[in-house]
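For the record, the sequence lines run as chains A and B.
The first sequence maps to residues 0 to 313 in numbering that gives the first Met the number 0.
The second sequence maps to residues 0 to 222 in numbering that gives the first Met the number 0.
Take the hints with a grain of salt, since some may be wrong.
When the alpha-carbon atoms are kept at most 30 Å apart in a straight line, the in silico DSSO-like pairs for lysine-lysine are as follows [unchecked claim]: (1) A:K303 with A:K43; (2) B:K213 with B:K6; (3) A:K37 with A:K144; (4) B:K202 with A:K115; (5) A:K144 with A:K129; (6) A:K129 with A:K115; (7) A:K282 with A:K212; (8) A:K129 with B:K202; (9) B:K187 with A:K212; (10) B:K202 with B:K213; (11) A:K123 with B:K19; (12) B:K53 with B:K6; (13) B:K6 with B:K64; (14) A:K115 with B:K6; (15) A:K129 with B:K187; (16) B:K194 with A:K212; (17) A:K2 with A:K37; (18) A:K121 with B:K213; (19) A:K282 with A:K121; (20) A:K264 with A:K235; (21) A:K144 with B:K16; (22) A:K235 with A:K115; (23) A:K123 with A:K144; (24) B:K64 with B:K19; (25) A:K255 with A:K235; (26) B:K213 with A:K129; (27) A:K303 with A:K144; (28) A:K2 with A:K282; (29) A:K303 with A:K255; (30) A:K264 with A:K43; (31) A:K144 with A:K2; (32) A:K121 with A:K212; (33) B:K53 with A:K144.
Partial pick of chain B residues on the chain A-facing surface, computed with a CB cut under 7 Å [unchecked claim]: (34) A149; (35) S154; (36) L155; (37) M156; (38) N157; (39) G158; (40) G161.
Keep in mind the hints are simulated off the structure, nothing from the lab.
Glycine included, C-beta positions come from ideal geometry on N, C-alpha and C.
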Amino acid sequence: MKKMNAGTRLERVVAAGHFALTVEIGPPRGANPESVLKKAALLKGLADGYNVTDNQTAVVRMSSIASAKILLDAGLEPVMQMTCRDRNRIAIQSDLLGASAFGIKNCLCLSGDHQKASAAGKLKGHPGAKNVFDIDSVQLLAVLKGLRDEAVQEGGDSVDQAVPFFIGAAWTPLSPPLEFRVHRLAKKAAAGADFIQTQAVYDIAAFARQVAKAREMGLTDRVAVLGGVIVPRSAKMLQYMNQSVPGVTVPDQIVKRMADAPSPKQEGIRIAVELIQAMREIKGLKGVHLQAIEAEEILPEIIKAAGLSPRPSV
Amino acid sequence: MIIAEWKPIPELVSMLKGHKSVLLVGCATCVAECAAGGEREVETLAPLLRMALKTEGVSVEIKRKTIERQCEWEFVEALAGEIEEVDAVLSIACGIGVQALSERFAHLPVYPGVNTTSLAIREQPGLWTARCAACGDCVLGETFGLCPVARCAKSLMNGPCGGTRHNGMCEVDENVECVWNLIYERAKARGELQKLYEVRRAKNWSNSAHGGPKRMLREDLRP
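Chain A extracted, bound-state conformation (with noise of 0.2 Å):
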């Protein structure tokens, strides 16, 4: 087997080939342990790693280190999410030394949603902070590589001991410039991706010919691709996601499908499951991020249906 890079149980699962599944836990709006550890207990061995956000749509949250930390301890595997919204370089490295010492390794290097869109919705948000993107998330793929292969800072600086990390990157594979995505990937390999999970898909025609291109450019060898799945809803909240979510193009029959289902939610469970099914089918493809928004007690059900449990032991 080929040498580990921090031999989490999602790389493990990967480099075995079997078909992996990560899950999202966000973290709370507040202090309190027990909402992240009520997730926890829901969705404990149903997957290989669990995501945690870090400050999604820019909105403070639990940071994602402690909550890490607590699904660490509650015997999850966590996938620490690290933005470039809110941190230079310097404070980065910082927090990925202080992350690898409490045992977290696998780390999801992405820009971060700007500042803006915490006053999106219906809070208040910080629109008014000063953003940082020191170094863009391509480059935190490079900040994570260069810790761990050659124990070295960005800066130059040598560090005691390699870092070790399964360095992981997000793809949108259906934002305009199409042509250039896939190129976008390769970058992302290139300055040190491990893995990938992408962008929620609800277009699979559109999407496999994505990984198709990026399977003949032999990315699909080089990083795991996982494709996004979020369980759908309602289908006013597809249509708000296929009008106000960049890079998610909804289907009109999927849409159609949720406005006419008698119970969305088991509508939502069934696309779930099949978009699930359709991507197995899709060569390249190493596994599913599968995310049911501040919703997360209706995952069980999708993964035992999708056939994804249990999962299985390496």
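Go by the hints and put chain B onto chain A.
Chain B only, in chain A's frame:
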């Protein structure tokens, strides 16, 4: 050019309320081009201020003057006479002009009448858009003449984030074009897309404000 926009009138009123006579000074260069601080704006703002102050029950004399450039000492010097007759100055030049006046006439309060926002171009009549962030490490040679530092909401250096809308606009502002989409289009038109495939390493920000207040010394020009 440096672009600026008027501060809200109530904010200006609260600055000027305690004064008897104020010199409103325009600048005929950048802020005149962006229709915020030139002679025309001095003439428009003065009566508005007088009215707003009057509504507050205070009477403040507003004298008016526009000089060629508030950022050059020889032009600033021309204000020395008028300054004697007022107890405050309201400058509607950029922050550089306000500070030049403050430095030359340090005994008086010099208030900013505008907020200086960016280095921009007049893209269309009545529309100015950012072009430069004065980052001190110009990358335009590698980004096909389009600046990702100033024009990408996240100053990304390696291509567009996932937030490019289907119509090529930015997820942060539907009226702003995704500059990485523009860079891609221009690279494609030139047949040089491969230039965008290279990973660009972390930028050195130390030659901008991040390196501490900028000080440029040219020995060859020193007296």
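Results of checking the hints against the structure:
no. : hint               : in the structure
1   : A:K303 with A:K43  : holds (14 Å)
2   : B:K213 with B:K6   : holds (26 Å)
3   : A:K37 with A:K144  : violated (33 Å)
4   : B:K202 with A:K115 : holds (24 Å)
5   : A:K144 with A:K129 : holds (28 Å)
6   : A:K129 with A:K115 : holds (10 Å)
7   : A:K282 with A:K212 : holds (11 Å)
8   : A:K129 with B:K202 : holds (19 Å)
9   : B:K187 with A:K212 : holds (18 Å)
10  : B:K202 with B:K213 : holds (17 Å)
11  : A:K123 with B:K19  : violated (41 Å)
12  : B:K53 with B:K6    : holds (18 Å)
13  : B:K6 with B:K64    : holds (19 Å)
14  : A:K115 with B:K6   : holds (22 Å)
15  : A:K129 with B:K187 : violated (34 Å)
16  : B:K194 with A:K212 : holds (19 Å)
17  : A:K2 with A:K37    : violated (35 Å)
18  : A:K121 with B:K213 : violated (41 Å)
19  : A:K282 with A:K121 : violated (40 Å)
20  : A:K264 with A:K235 : holds (13 Å)
21  : A:K144 with B:K16  : violated (59 Å)
22  : A:K235 with A:K115 : holds (23 Å)
23  : A:K123 with A:K144 : violated (37 Å)
24  : B:K64 with B:K19   : holds (17 Å)
25  : A:K255 with A:K235 : holds (10 Å)
26  : B:K213 with A:K129 : holds (20 Å)
27  : A:K303 with A:K144 : violated (35 Å)
28  : A:K2 with A:K282   : holds (24 Å)
29  : A:K303 with A:K255 : holds (25 Å)
30  : A:K264 with A:K43  : holds (23 Å)
31  : A:K144 with A:K2   : holds (15 Å)
32  : A:K121 with A:K212 : violated (39 Å)
33  : B:K53 with A:K144  : violated (65 Å)
34  : A149               : violated (12 Å)
35  : S154               : holds (5 Å)
36  : L155               : holds (4 Å)
37  : M156               : holds (5 Å)
38  : N157               : holds (4 Å)
39  : G158               : holds (5 Å)
40  : G161               : holds (3 Å)
Figure legend: structure checked against the earlier numbered hints; hints not met, in rising order: 3, 11, 15, 17, 18, 19, 21, 23, 27, 32, 33 and 34.
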